[in-house]
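Trainee: Here is what each chain is made of, one letter per residue.
2 protein chains.
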Amino acid sequence: MKLLKEKILSEGRVKPHNILKVDSFLNHQIDVELMNEIGKEFKTRFNDKEVNKILTIEASGIAVASITAQYFDNSKVVFGKKTESLNLDDDIYKTEIHSFTKNKNYNVMVSKRFINNGDKVLILDDFLANGCAALGLIDIVKQAKAEVVGVGIVIEKGFQPGRAEIEKFGIKVESLAIIDKMDDNKVWFK
Amino acid sequence: MKLLKEKILSEGRVKPHNILKVDSFLNHQIDVELMNEIGKEFKTRFNDKEVNKILTIEASGIAVASITAQYFDNSKVVFGKKTESLNLDDDIYKTEIHSFTKNKNYNVMVSKRFINNGDKVLILDDFLANGCAALGLIDIVKQAKAEVVGVGIVIEKGFQPGRAEIEKFGIKVESLAIIDKMDDNKVWFK
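Heads up: the sequence lines are chains L and V, in that order. Residue numbers for the first sequence follow the UniProt record's numbering, so the first one is 1 and each next one is one higher. Residue numbers for the second sequence follow the UniProt record's numbering, so the first one is 1 and each next one is one higher.
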């Protein structure tokens with residue numbers, strides 16, 4: 001996706017530990033116009049799929065999922081929660097995920113009321129690297145006996161193993177920008 | 001806002017400690033069509049204001065802010081972060097907030113790059129009760145020497161002091177549904 005790649009090149013900042021900061025448009029400040037173009041692109045990539053739920057994880061997946069859902073008629077967004085709260089049901093699907101950027105394990109929880117047998121679930125997230133978050137969400141969909149129709153990613157670190165891990169389940173992965181290599185202050189796309 | 005009140009009456013669930021669960025459409029599963037109606041309504045309520053930034057707090061404010069921003073031309077969304085991360089800048093505005101639903105204090109952080117002197121900031125959130133989150137966001141905008149043009153809330157607990165605390169600063173508060181009273185399994189609106 002040309003517009004996204006241009007945005008990464010103009011505003012992305014490469015930091016140590018293979019961190020690509022895109023917080024000016026994707027996951028702290030949000031460029032809603034760009035997000036709409038991202039939503040349209042996901043619709044094009046998954047146009048052959050029936051989707052009634054878009055599942056993501058708090059916090060940075062929520063904007064992508066909410067804007068994208070507007071292009072999938074009659075779909076609802078569900079986001080996995082990372083913290084216990086009085087707002088969360090007792091009856092939940094739970095899975096443990098490791099975050100490399102935060103360097104810790106945490107549980108992701110989804111109320112059993114919102115993913116059901118028969119649901120056609122598109123999983124969306126802002127980044128794919130080792131695949132931990134996406135694999136956790138896939139696990140939750142499987143616990144609910146629903147179907148993952150695909151995984152859509154805004155930015156994939158193509159030099160990390162996330163895609164291969166997801167494709168092992170026979171699940172289609174579509175990433176709008178795939179980074180081949182990062183070095184000092186430069187990014188190369190595949 | 002009639003549609004929102006109907007949704008609260010049909011799907012909301014009252015729990016002990018004055019918790020109103022609206023997780024089927026607002027803050028766990030998201031009804032994107034309703035969210036668009038909410039966005040249009042915020043535009044109507046703040047139509048007289050110039051807005052270039054919409055500031056909210058992760059996680060449940062993000063969907064409201066992102067969808068609503070589509071109705072405010074050329075506005076960007078910024079969401080306050082609750083956890084330290086390699087993704088966050090060192091140079092941040094920080095404020096401490098108490099969460100009654102989670103029963104703890106936490107810091108909310110916004111990179112100094114994304115709120116600037118001269119910005120016209122509309123603060124949006126899903127709930128207003130004691131006002132802690134909104135007051136924290138107001139504090140961040142003040143640290144940045146930017147202007148709060150208003151606070152927009154999806155559901156206000158009108159029997160709690162949040163609105164009065166915000167109005168002390170001379171800031172306009174617009175809530176799309178104001179709950180007058182909650183009791184067992186019932187909700188009364190103002």
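Just so you know, the hints here were simulated from the structure itself, not pulled from any lab data. Errors might be hidden in some of the hints.
If chains are identical, the list can't say which one is meant, so a pair holds when it fits in one copy or spans any two.
Capping the alpha-carbon separation at 20 Å, the derived lysine to any residue pairs in SDA-like fashion look like this [unchecked claim]:
| no. | residue 1 | residue 2 |
| --- | --- | --- |
| 1 | Lys21 | Asp91 |
| 2 | Lys181 | Asn105 |
| 3 | Lys76 | Asn36 |
| 4 | Lys7 | Asp184 |
| 5 | Lys181 | Met1 |
| 6 | Lys104 | Met1 |
| 7 | Lys82 | Ile97 |
| 8 | Lys102 | Glu58 |
| 9 | Lys5 | Leu176 |
| 10 | Lys104 | Ser10 |
| 11 | Lys112 | Glu174 |
| 12 | Lys120 | Glu33 |
| 13 | Lys15 | Asn105 |
| 14 | Lys190 | Gly158 |
| 15 | Lys181 | Asn18 |
| 16 | Lys7 | Arg113 |
| 17 | Lys145 | Val14 |
| 18 | Lys82 | Lys190 |
| 19 | Lys102 | Arg45 |
| 20 | Lys112 | Asp31 |
| 21 | Lys82 | Lys102 |
| 22 | Lys15 | Asn52 |
| 23 | Lys5 | Gly118 |
| 24 | Lys15 | Asp91 |
| 25 | Lys94 | Ser24 |
| 26 | Lys40 | Leu176 |
| 27 | Lys102 | Glu84 |
| 28 | Lys112 | Leu20 |
| 29 | Lys120 | Ile92 |
| 30 | Lys112 | Gly170 |
Values in this document were obtained by computation on a predicted structure and should not be read as measured data.
Trainee: Hint by hint, which ones does the structure fall short of?
Mentor: Those not satisfied are hints 2, 6, 10, 11, 13, 17, 18, 19, 22, 23, 30.
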